[in-house]
Amino acid sequence: SGSGLERPQLVTYVQQALSYTLFDCKWLPRSARLLCLGSSARGTGLLQLYELQGGRLALLREIEKAKPIKCGTFGATSLQQRYLATGDFGGNLNIWNLEAPEIPVYSVKGHKEIINSIDGVGGLGIGEGAPEIVTGSRDGTVKVWDPRQKDTPVANMEPVQGENKRDCWTVAFGNAYNQDERVVCAGYDNGDIKLFDLKNMSLRWETNIKNGVCSVEFDRKDVYMNKLVATSLEGKFHVFNMRTQHPTKGFASVSEKVQKSTIWQVRHLPQNRDIFMTSGGAGSLHLWKYEYPAQRLKKDSEEAEMGLVGSVSLLQNVTLSTQPISSLDWSPDKKGLCVCGAFDQTVRVLIVTKLNKV
Amino acid sequence: SLPLRGVRVTSANIFCTDQYLKVERPPFLFEAVLFAPIDDANSTAKIGNGIIFFTLYKKEVAMWDSLTLAIADKEKLQYLRENAVLKAHERAKEETEAKKVTEKEHKKYALEATMRLEEAERRRIEDLKEKEQQKVTKELELWQKQQKDAEKQKRVQKERELHQKVEQLKETKKDKNNKTRIPNEGTSKARIKPTKGHGSCSMFSEEEQLPAPRSAATIKISFTPRVFPTALRESRIAEEEEWLCKQAEARRTSNADLSELEDLKEEEKNPDWLKDKGNKMFATGNYLAAVNAYNLAVRLNNKLPLLYLNRAACHLKLRNLHKAIEDSSKALELLTPPVPANENARVKAYVRRGTAFCQLELYVEGLQDYEAALKIDPKNKTIEKDAEKIRHLIQGTMQDS
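Chains C and B, in that order, are what the protein sequence lines are. Residue numbers for the first sequence follow full-length UniProt numbering, so the first one is 1 and each next one is one higher. Residue numbers for the second sequence follow full-length UniProt numbering, so the first one is 1 and each next one is one higher.
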């Protein structure tokens, strides 16, 4: 513990008011540039590329597209190309070369309704295996795409015939520790979390956390799956120990409640997988640290292995806005540097200090 | 000095003002009216050894004819006594007031001191934060510079690579007749991912190493069942359950007298079918027939809120305003508990009842219902406009009366 000033501080470095609704913000890897994705008042999509220049954000490029853009990722692109994959309100998945953004490098109308969430794996020099992009949509399906294969997804997780569809709100890749293994975790508005194994093409685990699932993320995509954080409506998030799967009880978890408002996003610090930040509907950011338990598993009465889960402690929190902070991204290149976007049409760049002392 | 006849005396028994001295310890009393005023604040009385030793300081240095004044006049004595008591009281008052003033000043001083300390502390923390901010800003600027330099380097390198490629192409063209030349390993480009194989173009070699796209497959899933289209919220689960139970019960209710309905066709005994019929007739403007359909449906099942809701709409069109109010109210009664699933129905019920009230010129009640509707659906512009109109009407009539 120690005095309050010894803990990490969340310092606002620069903020910029925008003239459109901001849905996602992402750092351009290997640079001091960031992208803002959103919807203009006219109902068109906007991509803005900013650069940090001496205490302010300088707009380098503005690109307008037909449909509002909901989400984007650099996860499946190489470091040389740095192509951006986006999901838009019309259900289209596009991959853009930001140096020549007039025509997408890849384009498919992947879903019948808005793509709520997107993730990429296999790029940026992280992990192994094919580059893949996963999209989750309001049409209730989760689809995995390979940029080398046009038009059809390489995996499709869809409801059985006649089933009432639920909104898929969030998707995340994980377990990509070699060329073959990969999982996709998806969260839905009815509280379902499902874990799909792409190597075996099967449903590996599912559970229901009693509140719509806003965001899921593995602490690292490219290692043998370790921890998964799922955030939800009504201020709750759950941390699952993904190392041990019990045959009936699944994965062990611990949950925390933070205020009453929706927890929109969770993002793990790229440089330390036990530190993560959650962003809230009341315009706040909370920085957490996970402590591992003394033992990570034990045997139950039938000799089956059961995971044990540790605890989460709050390192720091700050309230930046009265509107929800709906997007959050850590810089992969500078420890502690992060960008967040809120529904008050403001993008803020923050620096989290003293992370080395945690 | 005053001898004490074996009694114990404390300071409470001694009373002294500037010209009057009294020691009272029942049954003994000693009283003296002094010849001239003394400084009673500095005078002392020492009690001990069976006597009280008074040390009295004269106000004016002079010889006294005697210690005390003999006053024969009882009244005067009484007056003197009272005066003395008054004086003592006044003095006591002054003392307490003076004490209060000093206390206040002390408190003020203490408060100011603490404020100063807190201010200093706050400033210290702000300074630390400022320093932190500056440090962090400097670090960032340094890092930004590094990024820029790295980018520049990369660009230079790209150009070099391009140049090399062009050179290679020229060379391979030259060597068309000869065996194909293996490009010079020494000019291989720096890569972030180390490549195992070699090739003439970086793009292809990377692709060679990547596994092929996986063969397409589908996983079929099913969801934890949820009746409502809205997202699941833990705090609303109880309410939603209640609503669902009510709806389920309502469907099962059948409270009509079977004998009366024997001559009805099978479909006419189904409240849902009758409701649909009613809706169709409403749509074509046949309000009376619609009311009949709803009436029959209600006789079969009086727990379905939508029947009352739709019948209220018919009554509005037929200007049966009281019946419209009755039916809207019954619908609202059945639409509890309020959940997102029955929001639309509740809004309609409030609006219909509000309209009926207004047509009966009961504008205040009408406005109440419109505002209730607006509370559920704040974004509805039509309801907002109508509510405004009603407000103006009310203000207009108030001005007239």
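In short, the hints are calculated from the structure, not lab data. Here the structure is a predicted model, which means the values were calculated and not measured. Here a beta-carbon is modelled for each residue, glycine too, at the ideal position from N, C-alpha and C. Mixed in with the good hints there might be a few duds.
Stated by the list, open to error - Computed footprint of chain B on chain C; a stretch qualifies when at least three of its residues, placed anywhere within it, have a C-beta under 8 angstroms from a C-beta of chain B:
id: 1; stretch: 35-47
id: 2; stretch: 52-61
id: 3; stretch: 215-223
Said to hold, decoys possible - SDA-like cross-link-like pairs, simulated, lysine to any residue; straight-line CA separation at most 20 angstroms:
id: 4; chain 1: B; residue 1: K220; chain 2: C; residue 2: D139
id: 5; chain 1: C; residue 1: K354; chain 2: B; residue 2: V136
id: 6; chain 1: C; residue 1: K199; chain 2: B; residue 2: L288
id: 7; chain 1: C; residue 1: K334; chain 2: B; residue 2: V136
id: 8; chain 1: B; residue 1: K165; chain 2: C; residue 2: Q80
id: 9; chain 1: B; residue 1: K154; chain 2: C; residue 2: K210
id: 10; chain 1: B; residue 1: K148; chain 2: C; residue 2: K354
id: 11; chain 1: C; residue 1: K210; chain 2: B; residue 2: V136
Going down the list of hints, with the structure as the test:
1. 35-47: violated (count 0)
2. 52-61: holds (count 4)
3. 215-223: violated (count 0)
4. K220/B - D139/C: holds (14 angstroms)
5. K354/C - V136/B: holds (10 angstroms)
6. K199/C - L288/B: Given that 20 angstroms is the threshold and the Cα spacing comes to 65 angstroms, the pair is violated.
7. K334/C - V136/B: holds (11 angstroms)
8. K165/B - Q80/C: holds (17 angstroms)
9. K154/B - K210/C: violated (50 angstroms)
10. K148/B - K354/C: violated (25 angstroms)
11. K210/C - V136/B: violated (41 angstroms)
In the structure shown, a violation is registered for the earlier hints numbered 1, 3, 6, 9, 10, 11, in ascending order.
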